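Which chain is which? The protein sequence lines are A and B, in order. So in the working numbering, the last spot in the first sequence is 466, and the numbers never skip. So in the working numbering, the last spot in the second sequence is 466, and the numbers never skip.
The list treats identical chains as one, so a pair stands whether inside a single copy or across any two.
In silico EDC-like cross-links for lysine to aspartate or glutamate, where the CA-CA straight-line distance does not exceed 20 Å:
{"no.": "1", "residue 1": "328", "residue 2": "282"}
{"no.": "2", "residue 1": "363", "residue 2": "283"}
{"no.": "3", "residue 1": "170", "residue 2": "412"}
{"no.": "4", "residue 1": "322", "residue 2": "162"}
{"no.": "5", "residue 1": "363", "residue 2": "282"}
{"no.": "6", "residue 1": "57", "residue 2": "28"}
{"no.": "7", "residue 1": "328", "residue 2": "283"}
{"no.": "8", "residue 1": "344", "residue 2": "412"}
{"no.": "9", "residue 1": "342", "residue 2": "257"}
{"no.": "10", "residue 1": "322", "residue 2": "404"}
{"no.": "11", "residue 1": "392", "residue 2": "444"}
{"no.": "12", "residue 1": "322", "residue 2": "210"}
{"no.": "13", "residue 1": "322", "residue 2": "412"}
Since the hints were made in silico from the structure, they are not lab data. Being a predicted model, the structure only gives us computed values, none of them experimental.
Residue strings, one per chain:
Protein chains: 2
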Amino acid sequence: MEKVFSFIDNQKDKFLSELIDFLSIPSISSEPAYKQDMDRCCGWLADNLKSIGFDDVRIVPTDGHSIILAKWNGAGKEAPTVLIYGHYDVQPVDPLGLWISPPFSPRIHNGKIWARGTADDKGQLFCHVKALESFFKSGSPIPCNIILLFEGEEECGSNNLDKFIIENAKDLQCDTVLVSDTEWFAPGLPSICYSLRGISYIEVTVTGPNRDLHSGSYGGGIDNPLNVLCQMVAQLKDSYGRITIPGFYDNVIPLSQEERQEFLRLPFNETEYCDDLGISSVNGEFGYTTLERVWARPTLDLNGIYGGYTGDGAKTILPTKATAKISMRLVPRQKSKDIGEKIAAYLKKIAPPTVKVDATVLHGGNPVLVPMDSPGVQAAKIAYKEAFNVDPVFMREGGSIPIVELFDEVLHSPTVLMGFGLPNDNVHSPNESYSLDNFFGGIKTSAVFLNEFSKMKKI
Amino acid sequence: MEKVFSFIDNQKDKFLSELIDFLSIPSISSEPAYKQDMDRCCGWLADNLKSIGFDDVRIVPTDGHSIILAKWNGAGKEAPTVLIYGHYDVQPVDPLGLWISPPFSPRIHNGKIWARGTADDKGQLFCHVKALESFFKSGSPIPCNIILLFEGEEECGSNNLDKFIIENAKDLQCDTVLVSDTEWFAPGLPSICYSLRGISYIEVTVTGPNRDLHSGSYGGGIDNPLNVLCQMVAQLKDSYGRITIPGFYDNVIPLSQEERQEFLRLPFNETEYCDDLGISSVNGEFGYTTLERVWARPTLDLNGIYGGYTGDGAKTILPTKATAKISMRLVPRQKSKDIGEKIAAYLKKIAPPTVKVDATVLHGGNPVLVPMDSPGVQAAKIAYKEAFNVDPVFMREGGSIPIVELFDEVLHSPTVLMGFGLPNDNVHSPNESYSLDNFFGGIKTSAVFLNEFSKMKKI
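So here's chain A without its partners, still in its complex pose:
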């Protein structure tokens, strides 16, 4: 790795200059006015890949923005294959007036580079490109076979990438997927996210009388769908914050002592957390810390509720129906489909016979777990340590990253989330930035990862 590291150290100016060019192209995928810039950005990135040594670089047109697929199989059949995913599209820049410098005129200040797309995701994606260049150009053979998969629609739904992956699953077979599109738990604390929660999202409608009724004439005589819905929802959790749906916890993998210890190491300040949210205290499932609750325990939340009169003032009706949107965040090995069926059945069971209950699954996704002792995670751990001289922390993520679930379900490949962003990078906001130390350290991390992963897979 010495040759590679020394090449990286010598090329910092060139790498940064190229990143500035990349960032200067306003590749906003969600706004049709930027279609030409999207194409230009895609072409620029493909050209850069060719220039560093990739000879198989394809621009794949889609119904939306193009996908870049580049391959290198020079490590040989015995070597593992790493698929590196990233996206070259960026978020819109509104409100433009809040930017201190123009979003597509990158500026270096205070050890960071400031522009739209620096951290999300051009600057992170580029770490891998420059790591690969450093192997090629320092005369060090890349120890893994590489598939690069860069899309231009991450910020607007990834619809065409989903389709592409499903249709080309065989061609994308790999031993691990490597994604750098996440942030560290805190500055100076490289973080490996090894698990994502899934989701089961249903809409339930309770129907009572066939028309809205006068609450004076009928109030007290019949069940009111609004009251019934509230009673049903209230029954979904017990006083310990545990979900009461039968079988809900059946497949949940309990947190290990090791994981709980890891989480306790993290600099999480509950007072600051509450102050930021404007609440007096946290609350949740009995027996778990806040990080455990939001990362590693399943939960059930109403996302919306409505029924009856919702305008200003008073209207005295007993409404015909009431609707709630309920989502459950799931943890490994819960299955979205199974949980959706269980809650629908339970809601029908606990409803009084005086109402009709309709439950529709609106959306679902399974949780993802890449075991902490898996080769990819272990390679990332060593890579962070060598590049940043800090032991990384292990964390989970409470939300979903649909593309990671897709890699898991379609390619059956574990995904290593090895990011280089920081919590104060302002992704999706004005004045997005990215630490230069993390950029250069990220290039080294990527290089070490490939080296370590090839060794682990060989064993």
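Since the structure of chain A is already known, use the hints to place chain B on it.
Same frame as chain A, but now just chain B:
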């Protein structure tokens, strides 16, 4: 009464012909286009009163439509005073296409008169006018002093009448108020409504975090205002359908055995009731029948609820707040203000400390009770029996009639609700009608009422 009854029998054609004239004026109070017709109708009625023998007839202008105030004090200081209330305005006629004959061209068919305002309230109001005429013109002294108070804004809120009554309370002092603007429980079954429920209507908002949060990142870590609101609402009733707010039932007058027996005599068909509403069965407070529940027991219903995402599809937020509109129907002697304060305090008590609770009273009104053994109710009972040869039934009403509450609170006068409408009169709908038997019987009922009431008050 014989002279009066025989006069009535002889004047049927004239009374009906006058009623047709009265009904032919389109006195729709809520539509400005009918302002001239409203004035014309008011003038017509005032002229009719003068023609039958009233010399003190005043048309009182208001900010809206005029009030008619007519007085007759010929019964002397020893005699009681009866204030007869009615309204000469009518509902709009839309949808006009559903009327079998034009709404302001009264038609006699099948023993009923068909036109807008027949039952609500011109035809009922006119019973009293013609009864008074029958006393005057048959040479029988009216046994009570009379105040006639006819308004033109009942169908659009009675705002100016409220003001008038409050400002002229002294001038309107009476021993009872007589109102004919209700319907019988069933055809052939004269009905005296002796109690109305009151209402306390509040809006409660539960506020959690200071912004909508991503349900993946925060779900499980903090209290969700939507779930909290549902839990709070669910706690407002126990499994017996009883309201759990401390002190809620403190002032409730229990139903007497006599009342319960009266209700059981009524031809109430629960199967038809459920079929009409499209529900499989009724439900409510344990230990009470449906009529008892909707007429004589207090209740608590959500009239509306909203919070979070209420559009189509799924949005994964933990919302910052949730709102419910909650109304409680009250029975004698609960007080609206007291109950509003009790529920607000209770909601704040049962809320977890992680949320803020705001409760605002939107609307209130006290229940009304005219005891079954009071002189007015007893006089009405005898009057129905003599005019229709049927013992009337005693019923209550689940809703409020704000004007009755006003008479109770401002004039401290009990109101006798002695109506002549039938359940199938289509009030507020196309093809409104009014039974001619009830019109002529109503005139006699009014005459007997005045006679009997004068005797009771003298004793």
